[in-house]
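With chain A fixed as given, assemble chains B and C onto it according to the hints.
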Amino acid sequence: MLAWLLRGLRGGRVTTRHPRVPDTPPAGLHASVELRRADGGEPALEGLCPTGAITVDGAGRVRLDRGRCILCGECVRRAGDRFAFADVTFETAARSRAGLVSDSAAHAGAGPPRRTLGERARPLRRSIHVRHIDCGSDGSEEWEIQALWNPHYDIQRLGFFLTNAPRHADILLVTGGVTTPMRAPLMRTWEVMPEPKALVAVGADACSGGLAAATGRIAGGVDRVLPVDVYVPGSPPPPLAILHGLMTAVGLLDSGSAA
Amino acid sequence: MSTAAREVRTFPGDPPVGLRAVPEPGPPGEVRLRVAPGDLRRTLRLLRASGARFVTMTLGREPARSIIVVLAHRGSLVLLRAPDEDCRALDGTLGAEWPAAAWAERELRERHGAAPRGRLLTAPDPDAIDRRVHGLDAFVIPYGPVRSGIFEAIQFQVETGGESVVALQTRPFFKHRGLEERFRGVPVADAVHIAERVAGISSVAYACAYSQAVERALGIEVSRLAERWRAVHAELERIACHLDVIAKQADTAALSVGHARFQILKERVMRLRAQLTGSRFGRGAVVPGGVRGIPAHDRNALRREIDELERDLRRDRRLFLATASMTDRLIGTGRLGRDLIDDHGAVGPLARGSGVATDARHERPYGDYRRLGLRVMTRREGDAMARVNVRFDEIEESLRLLRQALEHLEPLGEEPASPSPGASGTACGWVEAPQGELLVWVEIADGALANVHLASPSLRNWALFDHAFGADVLTDFAFIEHSFGLTPAGADR
Amino acid sequence: MNSVYAAAMAALALAALGAVALPRAGVVVAGAGSVLLTLAGVSAAIGAAHPHLTLGDWLGYGPSGLLDDRLAGIFLTLTGITAAAVMAAYAIRPGGRAQMTASCVLVLTVALVIGADSAFLLFLAWEGLTVCVYLLSSGRGSARELAAGHLTGGLAKLGGAALLAAIGIMYAHTHTFSLTAWTGARLPPGTRGVLFALLLACFATKIGVLPLQGGLPAGYGSAPRLGAASLAVALCAGFYGLWRFELSVLAPLPIWCGDALLVLGAATALAGIAYALTRDRMRTFLGYSTVENAGIVLIGLGVAALGQTAHRPMLAAAGLLAATLHVCAHNLAKTLALIAVDRVELSSHTARMDPLGGLARRLPVTAAAAAIASLTLAAIPPLGGFVSEWFTFQALLQGFRMPTLLSELLCALAAAALALTAGLAVLAFAKLYGTVFLGGPRSGRAAGRGEPSRWPGGLVGLSLVLLFLGAVAPWEVRGLSEALAPVLGLHLAATTISPPLVLTPVFPGFAVLAPTWLGVTLALYALLFMAGARLLRGREARGRRARRAPVWVTGADADPAAVQYRPSAYSNPMRVILRGPLGYRVRTIVTGAGPAGAERLVLDTRVTLAVERFIYAPLAAGVSRLAAGARALQSGRLSAYMLYMLAALIVALSLVPLLR
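Chains as they are written, first to last, in numbering that gives the first Met the number 0: chain A, 0 to 258; chain B, 0 to 492; chain C, 0 to 659.
Rather than coming from a laboratory, the hints here were simulated on the basis of the structure.
Source: prediction; values computed, not measured.
Please note that a few of the clues may not be correct.
Said to hold, decoys possible - A few chain C residues facing chain A, derived, Cβ under 10 Å:
1. A548
2. V550
3. W551
4. D556
Said to hold, decoys possible - Counterexamples of contact, computed for chain B against chain C with all Cβ distances above 12 Å:
5. L18
6. E307
7. S324
8. R369
9. P410
Quick reminder that beta carbons are idealized off the backbone N, C-alpha and C, glycines included.
This is chain A alone, in the form it adopts within the complex:
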């Protein structure tokens, strides 16, 4: 064991100081797509997106739903004047489904944010237990969530702990648009968690059903089954974006809409 200890010490410190000292996002990482020009769109633009994230209404106003975007880049490639990969930021989470849509007018009617976990458990904000459940993801969101506890990100320093028992959990991280066999287990997991609790939907599948929404085999997003507190879009979202979502859920941050 001593050899391991020395090996670890020799490796030095790799842990980021994010969010106190914000991490520089790696250049070129495709973390989200942004809409450059919102008006004057033709209906043909809708066909660019395999998940239907692009909508053009009658007045030619284009909207991009980040909750459906799987970052395939087709729109960037074929309509590069209108769409582009955004400068990387990790603050992509939103408290409501409408907050993920690019049009700011859609925020009207989103309502006041739900009473957050942090307000209810103010003295305990440095000790949040997280439980994860997979309801039909493709497996990559699990890797990104696991990465949060690796030495690079190490969110234990921020007070987030993993737990296996939903009875001890404060936050439920759900990945995957909910498949039919996983509906009941998801409901049971949520029911067994004590108040106050929060539900964070991680990934495009959980926010909106993603690519598989068209098959009818999944519910089309976690919010069809349970009320979601925070949506973290992306396919999959990078670990620090998930961290941003967690902190939003706890109320450490005051994020109301997408950046």
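Just chains B and C now, with coordinates in the frame of chain A:
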């Protein structure tokens, strides 16, 4: 581009005596045979006796509905096409006879065959308990589908006498998203996004297999540089997946520093992939016709990164193997005998850990692997330690291949060749995914997909999990499961 | 006190006679007699009175009477309390006429055994006890119960034969049957050892010491209803015999006797608890637990015997105090456990642990009583079982004061065995209590009716006594010090109890234990915690009830009965570890095809008791063969019998000149 040259390919080796199937034309590497009605069972028996390995069974739709059975035989794929009526004749006896075909047969029967009765493989009920073991001590632990830790959803019904595992039933298909149907009607170039998201942790492998299937069906040639880049992305993915398995083993044995070290290595690989493709999982890089635009990279920095990875990995591997508390849990655990592997047609590091040298890059070389010298890493013991050692060896082999590929690597200039709009064709594409041999069957009609079948290595290998517990106890469960290194998302599709 | 004692014995005699006609009334009278017996016992033990009832010469073989001296007082107290509890339980839920009569007679004979001052009276009472034990163990007469009854009765008869032989030898040397005359008699050195062995064999059958322990678990298992609890009352007689004969009459024993007691005690304790772990029937489990505790008592007695041999009264006191405390705690706890198990059986109609579960909700009083009994038997502080086991450990730690090196080594080994036993005991009682009362029901049996009776007086009374047995340990030690003074020759309370209420293992300054303060502190902590939690809950939380959610089974909604740990599976790891000594075999048998073509398997696990395999089975086979051979003699023909009589006459006639 026109459809590929279709000719009748010669049977690999001597055809078995009594084989009455009619050869059909197909792309190179595939021997297609049309089987007479009612003759499927007999043909399969003959081919099995002559040494063929079962890969998958699916329902084809072009040009007419038929059953397609894919077998691997001496460096070629043998595709049997049987008429649709035989679908109703699938009653489970094929799987009883040939364990490798059991789950493929059940899936086909439940989705397309006669109305199924009883417990369904493809529609699992988490609340149902099938007791097989009786006795004063025996009880059931239904583990899953919500697992302990950040894992994908799959259920195991463990029947135990208090500590020993007497019987085990694996129940996949909790994550069935119907992605094979999602492919239908999607233009060929766009469907690669669906392929990438079937099993997110091996996106590059699925994208490669799909792209190669499309290229073989439509006769599209891929440039050498693109093939090289594909190999680079695939090997990086293999390293990441293997590191993930090893890190999970260390975590299960509570070797925290080891777990942390391997996770650091994995994170470095993921960041490298993000640097090369814009996505931590290598998505968007591999498309039918070639490879998407790669940003300019610094070759020397890349080589330095690979050298550092190798050096750190070697040190960590040495420590890992010297930690008795770790290796004690792995040695002798989850032993898989050679005949079990052969009966189930297992592939990947699972099979290589039991001495079976099966590797799709070696049996049917594709892409750049025809030029890169590849060594297939095997071990003989067949236990979890052997599978972990195989993965360590493969990581080092991948790093060596990367270094070799880096010699002649330039940033891509041209856009990949796009398939012509009205093209049609059918073909198989295969790669060696980190979990094992992955096979994709595509049927293209008028430039859009009519039918796609993904033969995931995870589904084929999960069938062995029930037999992996010989004298092992409940606490060995996690070690054996992680040593399999499979992904339910790929199995369930 | 004489009158109280006389009234007690008269009541017991009346109950024994009258129970045949009016069982319920007899039981009540026997209960009253037991209470009086307790009073007499306590007063005698602390030396306040010295009741003596003379029975004159009518038994023959010299004068006999019932002498309640200090040593007998301890055991009469125990008998009285446990018998009162059993009789109260019988009065509330009566059993069959035969078993209630047998129980009343059993209590009478036990009181006679303890009080007898003539060996002949003791022997008569002992044989009467044997008959009662045999009748109770034979249950309702099914084949299995009869076999158990034969085993129990046969072993008890064997013990009786050994007792008779011992009495014969003593009479031959002292020409009297009076126990007081026997105490301190001059005996040749070898004789003491032989007597020790014979008497140990006799009492071993009653208290369950290897290798004569078979009767105890078998008898507990087959006795109907509270018959097992009555058999637990009989333990008092067995233990009394050891105290009286080995440590009082035959003292000082040769040194090998003390060593033998240590070895036997350690082996018995380990074997008892190891087999108890593997049992599924609750009463058999408790029978093997008695075997274990008998072993622990024997360890204490071993130290006492060695102390007496070495003429170190303080050492003897350490061992004897530990053994006596353990007998008190164990007998009370075992009786309570058996009464609780009887109530569980009445409620759920099964004697096995496997179908039960979650009974604490339906049977709260029984569950509380069983909890107290389990905690005492598992030696959890601050209850009485912990105090006595602590004293036993401390007595063994005095090994360095032993006269010989062998004794020192045996003390160390016995301490190791005792530590292992203590650990296994916790596991075993966790299994019993957890699988029967906690968790969820494993079958329909567990979802039966509620408490069999509303006011379980015996249960509650005994529970209260046991609850405070640890806390009142200093007073108990003081009382025992008075009671054991004649045996030891010193007042151990002087050095054992240091004010205020701190106990040491007779040797002052060696180690300390304060069970009273421990009990008080634990209770205070609990109260403080509850008060603090109530205060800290805050205004907001007041009035908010807890939300109930179902058991989490990793997302499945499985039937709890199928997915809970079974009792045998719970103790499986220990079974696997001890598989050599336990003779544990497990096989998976394929029995045909089940659903979906998968095979049906049966997990067959077996534990073979070594004593049964190597001693009982061959002996039983030999005895059967002998009996079969003897049956040949019973030809039914008059001529053969005349021939036997002629042969016997000839032998007797030929013996006369020899004896002259």
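Going through the hints against the structure:
no., hint, in the structure
1, A548, "holds, 5 Å"
2, V550, "holds, 9 Å"
3, W551, "holds, 5 Å"
4, D556, "holds, 7 Å"
5, L18, "holds, 29 Å"
6, E307, "holds, 41 Å"
7, S324, "holds, 20 Å"
8, R369, "holds, 44 Å"
9, P410, "holds, 48 Å"
Against the hints set out earlier in the document, no violation occurs for any number.
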